[in-house]
Amino acid sequence: MSYHFNEIEAKWQKYWAENQTFKAENNSDKPKYYVLDMFPYPSGAGLHVGHPLGYIASDIYARYKRHKGFNVLHPQGYDSFGLPAEQYAIQTGQHPADTTRVNIEGGVDKAGNEIEGYRKQLDRIGFSFDWSREVRTSNPEYYKWTQWIFIQLFESWYCKNHQCAFPISELEKLFSEEGNSGVNPACDDDVESFTAKEWNSFSSEKKQDVLLKYRLTYLAETEVNWCPALGTVLANDEIVNGLSERGSHPVIRKKMTQWSMRISAYAERLLQGLETIDCTDSLKESQRNWIGKSVGASVTFKVKDSAEVIEVFTTRPDTIYGVSFMTLAPEHDLVSKITTDDQKGDVEAYIQATAKRSERDRMADVKTISGAFTGAYAEHPFSKEPIPIWIGDYVLAGYGTGAVMSVPCGDQRDYDFAKHFNIEIPNIFEGVDISEEAFAAKDNVKIANSDFLNGMNYKKATKRAIYELEQLDQGEGKTNYRLRDAVFSRQRYWGEPFPVYYVKGKPQMIEQQHLPIVLPEIEKYLPTEEGEPPLGRADVWAWSTESNSVVSNDKVNNTTVFPLELNTMPGWAGSSWYFFRYMEEVANRDGAFATQNALNYWENVDLYIGGSEHATGHLLYSRFWVKFMKDRGFINVDEPFKKLINQGMILGTSAFVYKEEGTNKFLSKGLIEGKQVQPIHSDVSFVNASDELDIEAFKNWREEFKEAEFILEDGVYKVGREVEKMSKSKYNVVNPDAICKQYGADSLRLYEMFLGPLEQAKPWNTAGITGVHGFLKKLWKLYVNDNGLNVTDAEPTKDNLKTLHKTIKKVVEDIENFSFNTSVSTFMIAVNELTAQKCTSKEILEPLLAVISPYAPHIAEELWNRLGNETSIATADFPEFEEKHLVESSKNYPISFNGKMRFTLELPLDMSKEEIEKAVMAHEKTIAQLEGRTPKKVIVVPGKIVNIVG
RNA sequence: GCUGAAGUGGUGGAAUUGGUAGACACGUUGGACUUAAAAUCCAAUGUCCCUUGGGACGUACGGGUUCAAGUCCCGUCUUCAGUACCA
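In this note's numbering, the protein residues as written are 1 to 950.
If you're looking for bench data, these hints aren't it; they were derived computationally from the structure.
Keep in mind that the hints are not guaranteed to be accurate.
Claimed, not checked - Lysine-lysine pairs mimicking DSS-like chemistry, simulated, CA-CA at most 27 Å apart:
no.: 1; residue 1: Lys197; residue 2: Lys506
no.: 2; residue 1: Lys504; residue 2: Lys459
no.: 3; residue 1: Lys302; residue 2: Lys463
no.: 4; residue 1: Lys798; residue 2: Lys777
no.: 5; residue 1: Lys944; residue 2: Lys925
no.: 6; residue 1: Lys762; residue 2: Lys725
no.: 7; residue 1: Lys14; residue 2: Lys781
no.: 8; residue 1: Lys762; residue 2: Lys781
no.: 9; residue 1: Lys419; residue 2: Lys384
no.: 10; residue 1: Lys842; residue 2: Lys802
What the hints assert, rightly or not - What follows is a set of in silico ranges between Cβ atoms, one per label pair, in the way DEER data are often shown:
no.: 11; residue 1: Lys781; residue 2: Lys68; range: 26 to 32 Å
no.: 12; residue 1: Tyr502; residue 2: Ala196; range: 42 to 48 Å
no.: 13; residue 1: Ser181; residue 2: Gln471; range: 18 to 24 Å
no.: 14; residue 1: Gly477; residue 2: Gly431; range: 27 to 33 Å
no.: 15; residue 1: Gly182; residue 2: Ser204; range: 35 to 41 Å
no.: 16; residue 1: Leu396; residue 2: Val503; range: 35 to 41 Å
no.: 17; residue 1: Ser383; residue 2: Gly611; range: 52 to 58 Å
no.: 18; residue 1: Pro140; residue 2: Glu178; range: 31 to 37 Å
no.: 19; residue 1: Glu530; residue 2: Lys120; range: 40 to 46 Å
Even for Gly, the Cβ is constructed at its ideal location relative to N, Cα and C.
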């Protein structure tokens, strides 16, 4: 009886589904373990072999933990809001909800495309997901709680003293009792001071305006990349050379009122929290970069002949005597106020010119130095000397205060700017040559020409400068973060609607019992002619405070019926908290995002696996929301993920045929030398393991190749190979369904792991799968022969036990180190050895199945069943490793001469050092090697090696 | 530029605290079985020299430490990823 993987796999997948084998329990005596994958965005293109890599790894770990006696939560769902569905909707007029459902569940979309669906594709690979807990972010039952969290953020403020978020009502109480002088909140820069008395006299509208500046989510004017032709805001990466990536339309920088998230309040905690996460240094480093902490000072410069002051942030207050000019960002508010009449022309022309350039362009074009003099002067805080004030686009409006004190001798950008505009470059470093470039190092230098700072080093001078600035009330020590508040509005249709309506232009939250606010129906998924977001097209999109429901727009009277927010939330809203939703069983999901019971039991994710493209954004945002929810007492954990692994990308191995230029001849790879050829991608499915092209298949592929002539070498056409990103346009996409059909899911799972270390990028080459497939056949033959089951009660031999326990030991180590590729080799070795030993002993073969089961669950389940087990192997005990079976009495010593291994010698392990040396020195091969020489030294490491020197 | 990761046969990749480099596969070559093919099985396979025994060289490159280095240290180069005028 041979190995019929298709039958076996279908059988057990059905069994697992029917018996809910992988359903997690919220009440269990077992210890809990939560294994999570980053949930997929269900695109119409379906899965390719790169997608399941991380899922297979996490599945192996989840299954292993079940064998080890854990109650495992291993859920899956869909990040189903997003841009591609909306773009597709615009093109085809289909509702994104429909295309999204088809992409998940399969079927035929309105355009007539037959779509397999993510779910079926995933099921075919045999994952141990608990599908009963599935979530979809676009489902109103789910986004109800995304909206709820948004409301909680709106209803909260952040106290810097306590480093914690509190209800906004507490802040109102503080304001009414003592004004805002005593509070230390994270808030907008432009808040005014007021007393309790003043606060209490404010109108309701005024109070709302003031509070908005303190809320953790707030409306604010933000500078965005606006594309008038597309009618939407674009992210930086959607703009190429100042034009939109889609359609090449002009993009301008525009201020727009947008919802923002005050993530900056959490900057320090997000940084500190990294210490508690188990992940790679590179991931931590990219989080740190993003947060961008820098320690320095804020310094205030007075503007001469003006009441204005310029505040700057600097990391080098010790170089304050090196300031020879100030630079403001062209967008800085002060520019228009301080520019002299003489300079107005220059300054305005410059501002116009820079406004046309996107932020990205400015960043990309670092070499061009540009700027303009405002005609105004600032006053040096200590020397009181006048300092010319310039504007320049190398200063970014969005970072720090949008202004810098320029120290050309100590900063290369300031230096280049000064050289370009012939501004003086005073040297404040003792014995340093600055004729060629700035001196930016902090160490091993003393400050000079700096009055009271002379002779001090960086550390001392910094401290002193801050102290002196404080005395003048013109500065203080300050820590700055690069992390900016996150814009939370999108001018899109396919996202969560805000639970917000506007009364006299002031945002009001809809009470939580009326949630969800369901996305309205619209005719076209495009912005309105007036440039409003797509929701501006909805006819029924107003809020009635009487019926507490969404009503027709024509009822808007601004007394009881008000307009609703037209923006939707960004993609990261739904993915910032989904891991908590899985914790709750569907039956109990109505009353809360998850019950306290479920949250207390599962706590947070023990293992999180996903792509590195989410290493910054998603991770930062979800960590932010979790910290906020912890502050407000909704959950009990400070970090969402305990351990995080980024799987590497699987690359495609493209195949090329070579068309000789000007002919219709295709030359085999070996014949192209010296010829003018044009490489053309061939579909990888036409190429076999030996890189030989199926010429007929290629000819039939496309009309233009029908008449092609093929010049062969050794009777075959050889293609060229190149590793590239897996993509449809390169014809190197491999579909896991096809692999499952031809070799089986177990082969796919093993092969994906066998390719190499999980975290590394590695090329896919279908040819190699015959190796692991052959292994599964050998495994099968170890249990089943032509007459049926071939497993006996025979007493295992010493060798049998040694093979089994060696395998258990290695596989446990591998799984716990996430080194899945080496486990597969270990299985191969085990099966090769047991086959050679002609092992039929059930005592060996039964536990072996439990070891292999996490990797190849279908075949393991089938053989387990054939051995007479009536329950699933999924929760069978993982066999215990016993050291005694590996104890050896002798060792095959490598005998080296001057570090080079010459031969091996089998010696008992209980031999002493001296005895080993004696035995080795007496050996004929040793004598031959030495050729009469006397060794200077003999190194004997018992149990390891012998090295003879001399 | 900065940060991080990595450079090992024709290919993917193994190699505990420094201790037999190339496990396990793919591919290739030869053989068995077969009318033939597929499948399966057996053998060889880092490079070079050599008649066998064997020898020389080999983990990106150049140094160093050590009885012993893919592994540790210093320097250089290359590739990939992330990030970028952050004051």
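Status of the hints after comparison with the structure:
1. Lys197 with Lys506: Within the cut-off at roughly 23 Å; holds.
2. Lys504 with Lys459: Roughly 53 Å separates the two Cα atoms, so the pair is violated.
3. Lys302 with Lys463: Holds, because 22 Å separates the two Cα atoms, which is no more than 27 Å.
4. Lys798 with Lys777: Status holds; Cα separation ~25 Å.
5. Lys944 with Lys925: 19 Å, holds
6. Lys762 with Lys725: 10 Å, holds
7. Lys14 with Lys781: Satisfied, since the Cα-Cα distance of roughly 25 Å is no more than 27 Å.
8. Lys762 with Lys781: Status violated; Cα separation ~31 Å.
9. Lys419 with Lys384: Holds, at roughly 24 Å.
10. Lys842 with Lys802: 15 Å, holds
11. Lys781 with Lys68: 26 to 32 Å: For Lys781 and Lys68 the Cβ distance comes to about 29 Å; the hint holds.
12. Tyr502 with Ala196: 42 to 48 Å: Between Tyr502 and Ala196, where Cβ atoms are some 29 Å apart, the hint is violated.
13. Ser181 with Gln471: 18 to 24 Å: For Gln471 against Ser181, whose Cβ atoms are near 22 Å apart, the range 18 to 24 Å holds.
14. Gly477 with Gly431: 27 to 33 Å: 28 Å, holds
15. Gly182 with Ser204: 35 to 41 Å: 23 Å, violated
16. Leu396 with Val503: 35 to 41 Å: Holds, since Leu396 and Val503 (Cβ atoms, about 36 Å apart) stay within the stated range.
17. Ser383 with Gly611: 52 to 58 Å: This hint holds: roughly 54 Å between Cβ atoms.
18. Pro140 with Glu178: 31 to 37 Å: 43 Å, violated
19. Glu530 with Lys120: 40 to 46 Å: 44 Å, holds
This entry does not satisfy hints 2, 8, 12, 15, 18, going by the numbered hints stated previously.
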